[in-house]
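What follows is each chain in one-letter form.
Number of protein chains: 2
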Amino acid sequence: MGTEPGKFKSALKVNEGITQPAIVSGESLANFKSKRKKKLSIDEYVEGILSQNRTILSQAITLIESSLHKHQETAQQIIEKCLPYTGKSVRIGITGVPGVGKSSFIETLGMNVVSNGHKLAVLAIDPSSERSGGSIMGDKTRMEQLSAQPNAFIRPSPSAGSLGGVARKTREVIYLCEAAGFDVIFIETVGVGQSEVVVHSMVDFFLLLMLAGAGDELQGIKRGIMEMADAIAITKADGANIEKANLAKTEFQNALHLFPKGGSGWLPKALTCSAHQNQGIVAVWETIEDYLKFTKWNNHFFSNRINQSKFWMHQTIKESLLDHFYKSHSIQYKLDHVENEVLAGKVSSFEGARMLLNDYFKKI
Amino acid sequence: MGTEPGKFKSALKVNEGITQPAIVSGESLANFKSKRKKKLSIDEYVEGILSQNRTILSQAITLIESSLHKHQETAQQIIEKCLPYTGKSVRIGITGVPGVGKSSFIETLGMNVVSNGHKLAVLAIDPSSERSGGSIMGDKTRMEQLSAQPNAFIRPSPSAGSLGGVARKTREVIYLCEAAGFDVIFIETVGVGQSEVVVHSMVDFFLLLMLAGAGDELQGIKRGIMEMADAIAITKADGANIEKANLAKTEFQNALHLFPKGGSGWLPKALTCSAHQNQGIVAVWETIEDYLKFTKWNNHFFSNRINQSKFWMHQTIKESLLDHFYKSHSIQYKLDHVENEVLAGKVSSFEGARMLLNDYFKKI
Numbered sequence: 001m002g003t004e005p006g007k008f009k010s011a012l013k014v015n016e017g018i019t020q021p022a023i024v025s026g027e028s029l030a031n032f033k034s035k036r037k038k039k040l041s042i043d044e045y046v047e048g049i050l051s052q053n054r055t056i057l058s059q060a061i062t063l064i065e066s067s068l069h070k071h072q073e074t075a076q077q078i079i080e081k082c083l084p085y086t087g088k089s090v091r092i093g094i095t096g097v098p099g100v101g102k103s104s105f106i107e108t109l110g111m112n113v114v115s116n117g118h119k120l121a122v123l124a125i126d127p128s129s130e131r132s133g134g135s136i137m138g139d140k141t142r143m144e145q146l147s148a149q150p151n152a153f154i155r156p157s158p159s160a161g162s163l164g165g166v167a168r169k170t171r172e173v174i175y176l177c178e179a180a181g182f183d184v185i186f187i188e189t190v191g192v193g194q195s196e197v198v199v200h201s202m203v204d205f206f207l208l209l210m211l212a213g214a215g216d217e218l219q220g221i222k223r224g225i226m227e228m229a230d231a232i233a234i235t236k237a238d239g240a241n242i243e244k245a246n247l248a249k250t251e252f253q254n255a256l257h258l259f260p261k262g263g264s265g266w267l268p269k270a271l272t273c274s275a276h277q278n279q280g281i282v283a284v285w286e287t288i289e290d291y292l293k294f295t296k297w298n299n300h301f302f303s304n305r306i307n308q309s310k311f312w313m314h315q316t317i318k319e320s321l322l323d324h325f326y327k328s329h330s331i332q333y334k335l336d337h338v339e340n341e342v343l344a345g346k347v348s349s350f351e352g353a354r355m356l357l358n359d360y361f362k363k364i
Numbered sequence: 001m002g003t004e005p006g007k008f009k010s011a012l013k014v015n016e017g018i019t020q021p022a023i024v025s026g027e028s029l030a031n032f033k034s035k036r037k038k039k040l041s042i043d044e045y046v047e048g049i050l051s052q053n054r055t056i057l058s059q060a061i062t063l064i065e066s067s068l069h070k071h072q073e074t075a076q077q078i079i080e081k082c083l084p085y086t087g088k089s090v091r092i093g094i095t096g097v098p099g100v101g102k103s104s105f106i107e108t109l110g111m112n113v114v115s116n117g118h119k120l121a122v123l124a125i126d127p128s129s130e131r132s133g134g135s136i137m138g139d140k141t142r143m144e145q146l147s148a149q150p151n152a153f154i155r156p157s158p159s160a161g162s163l164g165g166v167a168r169k170t171r172e173v174i175y176l177c178e179a180a181g182f183d184v185i186f187i188e189t190v191g192v193g194q195s196e197v198v199v200h201s202m203v204d205f206f207l208l209l210m211l212a213g214a215g216d217e218l219q220g221i222k223r224g225i226m227e228m229a230d231a232i233a234i235t236k237a238d239g240a241n242i243e244k245a246n247l248a249k250t251e252f253q254n255a256l257h258l259f260p261k262g263g264s265g266w267l268p269k270a271l272t273c274s275a276h277q278n279q280g281i282v283a284v285w286e287t288i289e290d291y292l293k294f295t296k297w298n299n300h301f302f303s304n305r306i307n308q309s310k311f312w313m314h315q316t317i318k319e320s321l322l323d324h325f326y327k328s329h330s331i332q333y334k335l336d337h338v339e340n341e342v343l344a345g346k347v348s349s350f351e352g353a354r355m356l357l358n359d360y361f362k363k364i
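Sequences listed follow chains A and B, in order.
Per the working numbering, the first sequence runs over residues 1 to 364.
Per the working numbering, the second sequence runs over residues 1 to 364.
Rather than coming from a laboratory, the hints here were simulated on the basis of the structure.
Any given hint could turn out to be false.
Since copy identity is lost for identical chains, a pair holds within one copy or between any two.
Taking lysine-lysine pairs in the BS3-like style, the calculated list, with each CA pair at most 27 Å apart, reads [unchecked claim]:
id	residue 1	residue 2
1	K293	K318
2	K327	K244
3	K293	K88
4	K334	K293
5	K310	K362
6	K310	K88
7	K81	K346
8	K346	K70
9	K327	K81
Based on the provided sequences and hints, a complete structural model is requested.
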């Protein structure tokens, strides 16, 4: 195994064989057409993206999302060439459980952003979409108004995969969108899992949407997510709901005061809004602008970006090392047995780990 | 490198050479004496621990804390033989920043626990002690009353090292204390870093001590720690401080309601107490007992223990793999350069990671 170039690469190769027979399947024509369309050189891709050609941007994103090794290599070269033109957007994470009114909120906020002369890209991280069948971006009729805007670009969630893989792809898509001139980027996620932590580590501002008066169970927000929020917006604050929303706002504002400040020095805000009545949406955007002003003034905005780049390099290294370990034959063969010994209290956690590690390092 | 048994082992060997010259240093006599005392067989250690011999327990803990490979191997064998006798204690994590009155609180609560017929061990995780010079267990005059109790065993923090290393040692010390009949174990930490997360993942109950009316800066508690707490105790609730403490209790209780429930289904409690006046300390202990009853009833207590064993095995694997990667020659040689390229925006985080990983897997 000493000459193998690492599982993180060879794992991709596995898929190469699979796609050939797909040419003769039902999808063959669409595949064939898109393949023909995609016969661009790296430079043509890069020029297309930099000249803000949306079709070429979409095609390049499809390359990023592809599981074909060849496509990924092309994508990588495009990304590296686009890198000097990235980083000039504001990256905003938006999270909230299904039912909180995320689509309506994003549409209304997005229309606002676009009408202020910005170019907006809306992306999503949703690694659970394939498993649960309920993709947050699956509803094609949503955000009708926004998707009709020439300055808005809405891209559905990449197909399901490991969170690490999806995160990596999303970050790469951000780069391409920035190179294509989008200066505001929303990254949307459902607030129920690890994906918020991932989104938090690739955005400048993290917005949590909450419903007023819903119990813990309904809110479904995972522990720790509230503490990552730079602002909490109570949605659906209209009609009979207004009073409840205001009460929730006060409660959350008090709770946010109790939290220690994050590295930004910013005191998180609680707000109410109604996408339906376009109430309070401007205030959310103003809060984001206040935050940007404040963190650019105290330099957190820039140091945070640098920390994120570093984080993602080391995160990728960690995931690849773990992948290589857990996918190696000797570990796959022994893991269950050792784990059971540990769970039965026959060997300690550390002794179990030592046994597996010895085996792994002997074999590679 | 293909035959090397993994850095996690060889890293320990590095120290073996260093300790030999120490024999002729000023510490030589003490070293020599303790070495002579320690000439016990594995079985003698195990028998000593099981027969609740505190001196032998202390000596075995010293072996765990030693950086000598030989000592660690002996310790490992002792631990594996003690394993069948472990797990019967209640493990309680107690955290709070310096100044919150942690020592007084632990002493008063501990006296209470001991007078109820329990055997109590007090351990500490404090990886920062060497760096900051201010070890939380450094003050030898503290807990005078408790340390005089025959049924209390207070063990200072192991010498500084990586958090992973300290955590591993602490977990091993817990095993030995349990085998020696201690049925209540406190694990103490300062609430300012990653160590709380580590403590949280090795205890049954996590208690956060807070001061009333102290600003965020003074509290110094890291984000996310409050959400891990099964109870928050406001300390120093006596004299002129009582009103403020009661107010803080209400505020925290409200905030805790907003948090989603953890896996235990337990709703965290906020309490006030005064170690000085021995007020509210019994209530803290009763809350812990309520929690234990509740989580043993709904099985969380047991499933949590199993999850922790699994967690620590995989955590150890992860740390060892990362250690092996970052300490390998080719990575140490190239890392700074690649990191700088990433930070300068010349290559993407993922491309940087790929370059290093290719190099690593080519070399091993």
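- Unsatisfied constraints (hint numbers, rising): As far as the earlier hints go, 1, 2, 4, 9 are violated by this structure, in ascending order.
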